[in-house]
Amino acid sequence: MSDYLTISDALDALRDNKITATELVQDAFAAADAVDSELGIYLARFDEQALAAAAEADRIYAAGDPAGALLGIPLGIKDIISTLEGETTAQSLVLDREWGAAIGDAVVTARLRAAGGVITGKLTTMEYATGVPDPTKPFPIPKNPWNTDYWTGGSSSGTGSGVASGAILGGLGTDTGGSIRIPAAFCGISGLKATFGRVPKSGCVPLGYSLDNIGPMARSARDCALMLNVLAGYDASDPCAAEQPVEDYVAGLTGDLSGLTIGLDRLALVYADRDPAIDPAIDAAVKALTALGAKVVDVTLPLWDELSAATRITSRSEAFAYHAPDLQSRWDDYFEATRQGVGAAVAFSGADYVQAQRVRRVGQKALAALFETVDLVITPTSSVAGWSLDELGSMTERFLAMHTGYFNAVGNPALVVPMGFNDIGLPLSLQVVGRPFDETTVLRAGDAFQRVSDFHLAVPPMMSSVAVA
Amino acid sequence: MHSNEEKLAVVLEMSGITPPAEDQEAILRAFSTGRELSKLIFSVAQARYEEPALIFSARV
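Taken in order, these protein sequences are the chains called Y and E. Oh and the first sequence: position 27 is 27 in the numbering used here, straight run, nothing missing. With positions in the second sequence counted from 1, the corresponding number in the numbering used here is that position plus 1000.
Pulled out of the complex, with its shape left as it was, chain E reads as follows (with noise of 0.2 Å):
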């Protein structure tokens, strides 16, 4: 299991982001509590079979 400081550095490096060292830790801090969130709206019983709130139109 890679923690959270492996996955960061993973995504930035893919993003082609690379912050400097006094931006790493909010940085850090703030993607954990993302993953939380994302754990969180994957909890959502009644959103299994829901559409998404996106529209597209062939027309433009």
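This is chain Y alone, in the form it adopts within the complex (with noise of 0.2 Å):
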């Protein structure tokens, strides 16, 4: 295969009658099993449901009357989020099972499914959206489609390389500190953490509670807005999901950016070995989103260790008040990066957390100050394209060397695009980072970009010996 559809080029081919959704849902299986053994995409699969799915997409179709804005679509689900046709694992010996047979679909699962999407299966994810691979454990080790020998990211791993591979056309991601946005720009993918609050996060295992996004991930910008349009809005299940009104995102994709000021901050220094192709990368995004319409200005994102710091102590306090019984009790079943990562928050006091959310207030005024100055804000995802499978470094070494936590500590929405290749191919990452609860412009950024590039386009070298439509 030398190229596979974006949702919405799937969504024009189906109503044009020039695809089925069934002939979508069977590529999409051929493209999972030509890698999948290699690439750890899936921890269970519902090919039979999801075929059913497909053939009444393929009837209301026929019918004339498509009404679902996914109608068809073929998505995975994070093995975090609960779905009624599989268990949910959390890719963990630990989890109870019936945790998420109890809850059936989460609210989520159930939005895409109304809206006509396609549930493929249950994708790999980091044990408990936290740390990295445990090659001990009896669990797939997601490998990045761009090169094998490298870490996909995490923790949404599994959507990540599923998207990169076309083995899903897009699928659900959760985002703690970034775990969203790491594997899309580590897979060279699209992926959007909305606003702190924006969608419903019952039915997800939980890490951060306060942290916790759940988004969605596929290869544009406007991919994610035809999802965020289906996955945005309250629900009374969620004690954090916000009473705030959903727009259309679609509708918001002008790709006109005149009139909109851009804070660019480089990050140069937060992390030492920063990849020498980032700089370049940046520039010419830079001057991609001037000749858009938009003003760059070079700005400072306040309190950018503090907050960073902020997230780090409140992610693993919460994640231990949910881990605390079973840490005591079944040590050995958890990965090595998930006891040691969760249990360090032995480290932190109550009143630790408490100074957590009163610098998190701080950094929500800061920040709130610098957008009265700019529209969004622009920075590298990461300062590495990504770390070899055998070279995953240390915890302190990754939180340093990825930009995103700061933005879970404040609940800004942020959307990261591809923006170029590094000297050994790996993708490399822009983030754009908007006002709370102003996805629709991130997004209009985001695809206006994309209108004048093609690096979300462009498919894994290994793709190419698969022979799919």
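Hints listed in this document are in silico derivations from the structure and should not be mistaken for laboratory results. Treat the hints with care, since some could be wrong.
[Unchecked claim] Computed, partial: chain Y to chain E, Cβ under 10 Å:
| hint | residue |
| --- | --- |
| 1 | Leu303 |
| 2 | Glu306 |
| 3 | Ala309 |
| 4 | Arg312 |
| 5 | Gln328 |
| 6 | Glu336 |
| 7 | Ala337 |
| 8 | Phe348 |
| 9 | Gln355 |
| 10 | Arg360 |
| 11 | Arg361 |
| 12 | Val362 |
| 13 | Gly363 |
| 14 | Gln364 |
| 15 | Met395 |
We treat Cβ as the ideally placed atom computed from N, Cα and C, and that holds for glycine.
Reconstruct the complex from the two isolated chains, following the hints.
Below, the structure is given as structure tokens:
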């Protein structure tokens, strides 16, 4: 296969009778059949149910009333989000399978299904959405389609590699400190952490209660907008869900950035071993955004180190509250990185946790002041294009190199889009951040950039030998 | 003054966690980093009289 469809293209093809939903799903499964044993995309596949749903979508298309916004689109679900079809494992030996069974579809799963999305299966994650792979545990090791010696990034690993390899057209990830944006960046696709509270997270295994987000991962910003149209909106089952108006995010994709001021923080000094390809890629992105009508100015994000620290303290403390009973009784059943990372939360006191929340409030105010002078902020998503599976480095090194957790502390929406490749062919990524609940402008900028660039349409070389429609 | 190693032993015991020897070094490293992070967030002067980003509602 030399190319495969975006969600937007697939919907056009379905409406024009150029492809059927059954063919789309069969193609996606064929791609997965070809590469999954190497890439570690799926934990469970729902072939029979997905093909039945696709047949129903085809019947609706044939009847001439295709109402669902994602009707017939094959979508995967990260396996910390509950689904009717199969068990939810969090890629862990520890999680009680009855938890997900009692829930059935999470709110987001039900919303995708109601929009006609075809749920293809459950996708790999890092255990409980944190840490790195553990080869001693009986789960797949997610590998990067761009270079299988490299990690996909985490924790929404299977969603990242699945979209990049055409095994799904889109899917759900979750993001507590970057778990949508990092695998999207490393796998060369787009991913959106919407504003905290924009998408209900009930039915999802928690990591950090006040930091967790469920969001779309797909090839393009436009596809993310299509999915957000379905996912966004209040639901009383999530106490963190925001009662905010939901816009039509696709309608906001005008391709025009005239009148927007974009702040650029290169974050050049936060990680010493920065990939030299990043700054030329940023320069080219700035040139493109300027040509699209935006004014780009240099800014400094306030309290970078302090807010990044607040994210780590909050995330670890909230995770520890959830995991403490199992860490006490089932230490060895956890992945090494999970037990060491979450267990180390014993370093933090109750006062540390509350102070982290006070710093978050200070940071929100400081960032709001910055957003009085700019409409968006852009940064590199990460200072590296990835790590080889043999050299995943320390937790602290990974936290420093990835520039995502700061925005979980403040809650603002952040979209990542591919912006080039480094000298060994690994994708580079641009992060676009907006004001709270202004996903429209964030997505408009990402989509406009993708109208004048094609990095998001690039296909990993390993897929050239996969013969799918 | 107690070392981080001694402090870690105390808080692990308080938490009921008994990691095996092979995990101790990594946890000690993370513990030491954690204490540095705590110092960093308490150094934010603007937070001295700030409210925390916590919301409690009397209604469920």
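Hint check:
Of the supplied interface hints, the one on Leu303/Y holds, with its beta-carbon coming within about 7 Å of a beta-carbon of chain E, less than 10 Å. Using the Cβ-Cβ criterion of 10 Å, the hint placing Glu306/Y at the interface with chain E is satisfied: the shortest such distance is roughly 5 Å. For the restraint placing Ala309/Y at the interface with chain E, the shortest Cβ-Cβ distance is roughly 4 Å, inside the 10 Å limit, so the hint holds. For the restraint placing Arg312/Y at the interface with chain E, the shortest Cβ-Cβ distance is roughly 6 Å, inside the 10 Å limit, so the hint holds.
Because the beta carbon of Gln328/Y sits about 5 Å from the nearest beta carbon in chain E, less than 10 Å, this interface hint is met. At about 7 Å, the closest approach between the beta carbon of Glu336/Y and any beta carbon in chain E falls short of 10 Å, and the interface hint on this residue holds. With its C-beta approaching chain E no nearer than about 9 Å, Ala337/Y sits inside the 10 Å limit, and its interface hint holds. Hint on Phe348/Y holds. Least Cβ distance to chain E is approximately 6 Å, under the 10 Å limit.
At its closest, the beta carbon of Gln355/Y sits 5 Å from a beta carbon of chain E; the interface hint therefore holds under the 10 Å criterion. With 10 Å as the threshold, the beta carbon of Arg360/Y comes within range of chain E, its nearest partner Cβ sitting at about 4 Å, so the hint holds. Interface restraint check: Arg361/Y against chain E, minimum CB-CB distance 5 Å, threshold 10 Å, status holds. A distance limit of 10 Å between C-beta atoms decides the matter here; for Val362/Y the minimum to chain E is near 5 Å, and the interface restraint holds.
Hint status for Gly363/Y: holds, given a least beta-carbon distance of 9 Å to chain E, under 10 Å. Here the hint on Gln364/Y is kept, as its CB sits about 7 Å from the closest CB of chain E, short of 10 Å. The interface hint given for Met395/Y is met, as the beta carbon of that residue sits about 6 Å from the closest beta carbon of chain E, less than 10 Å.
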